[in-house]
Amino acid sequence: MSEENNLKEEMKRLKEEMTALKQQLQNMTNQRTQKRRGIYIDVNDRLAGVSDYINEVMEGVTEGIEGEIEKSIFIHPHAGRVKIVHRDRADRESVEHIEKPDLNKAANIMSALGQEHRLKILQELMTGGKYIGDLQNALPEITTSTLSSHLDVLQEAGLVVQERVRGRYLITIPGRMAYKMSNMIAKQRDRHADTDAETEPSQP
Amino acid sequence: MLLQHMQLGTQPQKITKGTTLLQNEKCIIKTAADTLTLPILVDSNPSGHLFIGKGEFTLDAIIETPRGAIGKPITRDLNQPFVMLGENTTLNQNLAPATTQDLTNNGYKSTEEFLKIANETFDQFAHPRHGQFDVNENTHIFAFATEYNKWDILVAKRDKMVYTSKERVYITKNNGHSVSLEPGSILVSRKGKTVVIDKGNILVDREDP
Numbered sequence: 460m461s462e463e464n465n466l467k468e469e470m471k472r473l474k475e476e477m478t479a480l481k482q483q484l485q486n487m488t489n490q491r492t493q494k495r496r497g498i499y500i501d502v503n504d505r506l507a508g509v510s511d512y513i514n515e516v517m518e519g520v521t522e523g524i525e526g527e528i529e530k531s532i533f534i535h536p537h538a539g540r541v542k543i544v545h546r547d548r549a550d551r552e553s554v555e556h557i558e559k560p561d562l563n564k565a566a567n568i569m570s571a572l573g574q575e576h577r578l579k580i581l582q583e584l585m586t587g588g589k590y591i592g593d594l595q596n597a598l599p600e601i602t603t604s605t606l607s608s609h610l611d612v613l614q615e616a617g618l619v620v621q622e623r624v625r626g627r628y629l630i631t632i633p634g635r636m637a638y639k640m641s642n643m644i645a646k647q648r649d650r651h652a653d654t655d656a657e658t659e660p661s662q663p
Numbered sequence: 520m521l522l523q524h525m526q527l528g529t530q531p532q533k534i535t536k537g538t539t540l541l542q543n544e545k546c547i548i549k550t551a552a553d554t555l556t557l558p559i560l561v562d563s564n565p566s567g568h569l570f571i572g573k574g575e576f577t578l579d580a581i582i583e584t585p586r587g588a589i590g591k592p593i594t595r596d597l598n599q600p601f602v603m604l605g606e607n608t609t610l611n612q613n614l615a616p617a618t619t620q621d622l623t624n625n626g627y628k629s630t631e632e633f634l635k636i637a638n639e640t641f642d643q644f645a646h647p648r649h650g651q652f653d654v655n656e657n658t659h660i661f662a663f664a665t666e667y668n669k670w671d672i673l674v675a676k677r678d679k680m681v682y683t684s685k686e687r688v689y690i691t692k693n694n695g696h697s698v699s700l701e702p703g704s705i706l707v708s709r710k711g712k713t714v715v716i717d718k719g720n721i722l723v724d725r726e727d728p
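Chains as they are written, first to last, in our numbering: chain A, 460 to 663; chain B, 520 to 728.
No lab work stands behind these hints, which were simulated from the structure alone.
Each hint should be verified, as a subset may be incorrect.
[Unchecked claim] Which bits of chain B does chain A cover? Going by a derived footprint, with three or more residues having C-beta under 8 Å, they are: (1) 529–541; (2) 584–594; (3) 607–615.
[Unchecked claim] Under the rule of at most 25 Å between Cα atoms (straight-line distance), these lysine-lysine pairs were calculated in the BS3-like manner: (4) B:K712 x A:K471; (5) A:K579 x B:K628; (6) B:K676 x B:K710; (7) B:K533 x A:K474; (8) B:K536 x A:K589; (9) A:K481 x B:K591; (10) B:K669 x B:K710; (11) A:K579 x A:K481; (12) A:K564 x B:K591; (13) B:K573 x B:K635; (14) B:K533 x A:K481; (15) B:K685 x A:K481; (16) B:K710 x A:K481; (17) B:K710 x A:K474; (18) B:K549 x B:K712; (19) B:K635 x B:K533; (20) B:K710 x B:K549; (21) B:K685 x A:K467; (22) B:K536 x A:K481; (23) B:K710 x A:K471; (24) B:K685 x A:K589; (25) B:K573 x B:K536; (26) B:K685 x B:K533; (27) B:K591 x A:K589; (28) B:K669 x B:K549; (29) B:K685 x A:K639; (30) B:K712 x A:K481; (31) B:K692 x B:K710; (32) B:K669 x A:K639; (33) B:K669 x A:K589; (34) A:K481 x A:K467.
[Unchecked claim] Derived coverage of chain A by chain B (criterion: at least 3 residues anywhere in the stretch with Cβ under 8 Å from a Cβ of chain B; other residues may be distant): (35) 468–480; (36) 620–632.
Heads up, the beta-carbon is just placed ideally off N, CA and C, and yes, glycines get one too.
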């Protein structure tokens, strides 16, 4: 019970910190819109002040939560109250939120995943951002033009994003989820296939 | 030096070849050849430039988190006037006095017309604002005109950057600390720890699952 209270207190603190962040954003927006008074541009304030403040917030938030939470949690408004749900439970409960999925978008993502080379590209990107040359070295069986074409498809589906300045390719949050999901489905299929083989009556 | 004390020079110049005004791991700002420019002066000392012509701005407003990358690159053609406060030695080497023909090629009938429009534009940027700015090689402020009297602003100090526009605020430091604020979404990332508030959901992550 005390653990739950502690957790609630931490969440309350987290909420307050985030409210402060929102307030700061609002203040910046207000400054922009106040034409007569104008924006106060001060390099040191902008860089040191804002980022130091954010750092302080992060320090407090992460240190406070570390003692209470092993990995991660979801919080979402529920019947006017904040409800704290562990991640695995959140995944189960989130089913109610996907009653009307965007099937067209889902089909596009599944289409992007439906190619072994593209899954290999995602697999490579799971370990971190890669330049096109890194991907070519890691996947020599894919020609350069085909690799570029696959990367275009993955970017179009929102599974990969490319930095314009450095040129690295990065896997996005949906990209990681999609890759993991495809692996999970493949494993489940194998498991059921094994089970079916075991229960299948032997031929005389 | 105070922004209110800044004023434009009176001798139009043109950029003789494409010049990179700022480049780091996240951002690149270029201006094209034949772009017209006027020096920004404080007590007769150059402290920046107003550009009217063409250029390109790219900012990778992407934050890497243990769960994947969030955000997207921001790219825009700089067809509207933009301001750079700060020194740039490469730019100084690529400047030449603008001729009447150069002004005509950019759509201005005379030097007077160009100066009038340039000063009106600069007044929209500088005079409603308060603040001070120390000119040096490492610190730059860029302001990109959007609509009338609306400016997107980028402050860059080496690899530290703050970008504010109507749609978002993006802050990044070279040690991987990043903040992204968009309508309905806040993301703070530091030392592999991430807090995301997105449309009523809060996600706290502290390590790669």
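Inset, instruction - Report the numbers of all earlier hints that the structure fails to satisfy, in ascending order. - result: 1, 3, 5, 7, 8, 10, 11, 14, 18, 20, 21, 22, 24, 26, 29, 32, 33
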